[in-house]
Amino acid sequence: MDLELLVLGDEGWGDEMLRAALVTLMVSLTAMGIGLFISIFGTLSKLSNKFYVRLIADVYTTIVRGIPELLVIYLLFFGGSNAVMSVAKLFGYHGYIELNAFVIGAIAIGAISGAYSTEVIRGAFLAVPRGQIDAAKSVGMNKFVIFARILIPQVLRYALPGLGNVWQLTLKDTALIMVTGLVEIMRQAHIASGSTYSPFTFYITAALLYLILTTASNTIFNSAENWANKGVRRA
Amino acid sequence: MNYELMIETFPKLLVGLNITIQLVSISLFVGFCFAIGLALLRLSNNLFLNFFAKTYVFYFRGTPLLVQIFLIYYGIAQFEFIRESFVWSFFKEPYWCAILALTLNTCAYSSEIIRGGIQSVSFGQIESAKSTGMSGFLLYRRIILPIAFRQALPAYGNEMILMVKATSLVSTITIMDITGIARLIIAKTFSPVEIFIVAGLIYLTINFIVTRLVNFCEIKLTPYLRRAN
Numbered sequence: 029m030d031l032e033l034l035v036l037g038d039e040g041w042g043d044e045m046l047r048a049a050l051v052t053l054m055v056s057l058t059a060m061g062i063g064l065f066i067s068i069f070g071t072l073s074k075l076s077n078k079f080y081v082r083l084i085a086d087v088y089t090t091i092v093r094g095i096p097e098l099l100v101i102y103l104l105f106f107g108g109s110n111a112v113m114s115v116a117k118l119f120g121y122h123g124y125i126e127l128n129a130f131v132i133g134a135i136a137i138g139a140i141s142g143a144y145s146t147e148v149i150r151g152a153f154l155a156v157p158r159g160q161i162d163a164a165k166s167v168g169m170n171k172f173v174i175f176a177r178i179l180i181p182q183v184l185r186y187a188l189p190g191l192g193n194v195w196q197l198t199l200k201d202t203a204l205i206m207v208t209g210l211v212e213i214m215r216q217a218h219i220a221s222g223s224t225y226s227p228f229t230f231y232i233t234a235a236l237l238y239l240i241l242t243t244a245s246n247t248i249f250n251s252a253e254n255w256a257n258k259g260v261r262r263a
Numbered sequence: 735m736n737y738e739l740m741i742e743t744f745p746k747l748l749v750g751l752n753i754t755i756q757l758v759s760i761s762l763f764v765g766f767c768f769a770i771g772l773a774l775l776r777l778s779n780n781l782f783l784n785f786f787a788k789t790y791v792f793y794f795r796g797t798p799l800l801v802q803i804f805l806i807y808y809g810i811a812q813f814e815f816i817r818e819s820f821v822w823s824f825f826k827e828p829y830w831c832a833i834l835a836l837t838l839n840t841c842a843y844s845s846e847i848i849r850g851g852i853q854s855v856s857f858g859q860i861e862s863a864k865s866t867g868m869s870g871f872l873l874y875r876r877i878i879l880p881i882a883f884r885q886a887l888p889a890y891g892n893e894m895i896l897m898v899k900a901t902s903l904v905s906t907i908t909i910m911d912i913t914g915i916a917r918l919i920i921a922k923t924f925s926p927v928e929i930f931i932v933a934g935l936i937y938l939t940i941n942f943i944v945t946r947l948v949n950f951c952e953i954k955l956t957p958y959l960r961r962a963n
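Sequences listed follow chains A and B, in order.
Position 1 (the first sequence) corresponds to 29 in the numbering used here; numbering is contiguous.
Position 100 (the second sequence) corresponds to 834 in the numbering used here; numbering is contiguous.
None of these hints come from the bench; they were simulated from the model.
The reader is advised that the hints may include incorrect statements.
What the hints assert, rightly or not - To give an idea of the interface, some chain B residues facing chain A are shown, with a C-beta separation under 10 Å as derived from the structure:
| # | residue |
| --- | --- |
| 1 | Met735 |
| 2 | Leu739 |
| 3 | Met740 |
| 4 | Phe744 |
| 5 | Leu799 |
| 6 | Ala889 |
| 7 | Gly891 |
| 8 | Val898 |
| 9 | Ala916 |
Claimed, not checked - Pair ranges (Cβ atoms, derived):
| # | chain 1 | residue 1 | chain 2 | residue 2 | range |
| --- | --- | --- | --- | --- | --- |
| 10 | B | Thr923 | A | Leu50 | 49 to 57 Å |
| 11 | B | Ser778 | A | Asn250 | 46 to 54 Å |
| 12 | A | Arg177 | B | Leu781 | 46 to 54 Å |
| 13 | A | Thr224 | B | Pro880 | 47 to 55 Å |
What the hints assert, rightly or not - Now the stretches of chain A that chain B is said to cover, found in silico as 3 or more residues with beta-carbon under 8 Å:
| # | region |
| --- | --- |
| 14 | 64 to 77 |
| 15 | 229 to 241 |
Computed from a predicted model, the values in this text were never measured in an experiment.
By construction, the Cβ of each residue, glycine as well, lies at the ideal position given by its N, Cα and C atoms.
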């Protein structure tokens, strides 16, 4: 193995790999954000009284969790521009629109992450004892206050371990969007190994970068869990 | 929506089903066998063995499967001594590289599931088995492993579904499984939605059958929990 390939600066690929790691982190954060946004609506729909609203949410989570991530990415990668162009046509724009690889990747991974987050947050919602909501009502809290003071703090506590798992999944799924051409860790390793004929060196570096990202986020989630469980009595 | 294209695509994608099922079943079977050993290493008191198992699981669960596949398929070729030795006939085939990567990956995840199952066996059970004179291999074969498998089955069902989905990644190293063929047809016809629906339906059907099978095993293995009717 030739470690000189990994020095920073013009001679080596070190700085390029680090920049790619930053892109991976950005895509993951954006996707996780999109996923959490989706999961709010997903949870509300799953807990709704209306049959069709529940059905839509159920179909969404079942399909996305049962189909390979790569297929979802291909659908958006090949179909995304077409969909946007046909919407633009309705508004009278007939030119060619190409979606940014970052946007497609973040939306695709976000849609996948959203399905998993929905299940986690729904479970956390159901874990809050109903008696607490009755008690809150009896002291005169309205819907909004109950949501902000009773539900949110507890849902957050119950959901954190599950969301930590979803984050790890999301982070690792971003490796797949190399197929869209976005230069994140995997694509950069692919490019570098293609031009230096040292694939092992670069893919093992990529693996190490992912390990650093997953380990660091694990630590952060652990301390967040400790923080959220501050007030919980333990036997 | 182009229904004609969808009907036309269906048999073409079914050709890839064969490869997908081969990859899933071989890697799950081999991975599971090694996972039992790995779980036992992880639970052993020997510091060195324990450390080995921990590091293995840490690496394979902390990196994306795609990196693992690429590392084996593209990465190994960097070393000349491997290219000149007899193992090269194994590593030059994308099919075997894919099976190796998937097996190593599922082994790490399954070992954690089995470890959880083994640790959930109550101490009283082990104690009473020991009091009747069972020990070592017999204790594991008759008491600990059966109870552990029953405990671990729901989690292992999830792992099986993850593996079905994971096989789609082998299309990146030129293997023509369902996803590989789907990608090819999408690139040719440029109708991603239709192909996505057909390929998606095939995967959903496989996963549906897997969940039904796991449910069936769960019911069969827990007769004492069944309600009288």
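Could you tell me which of the hints above the structure violates, numbers in ascending order? 1, 2, 3, 4, 6, 7, 10, 11, 14
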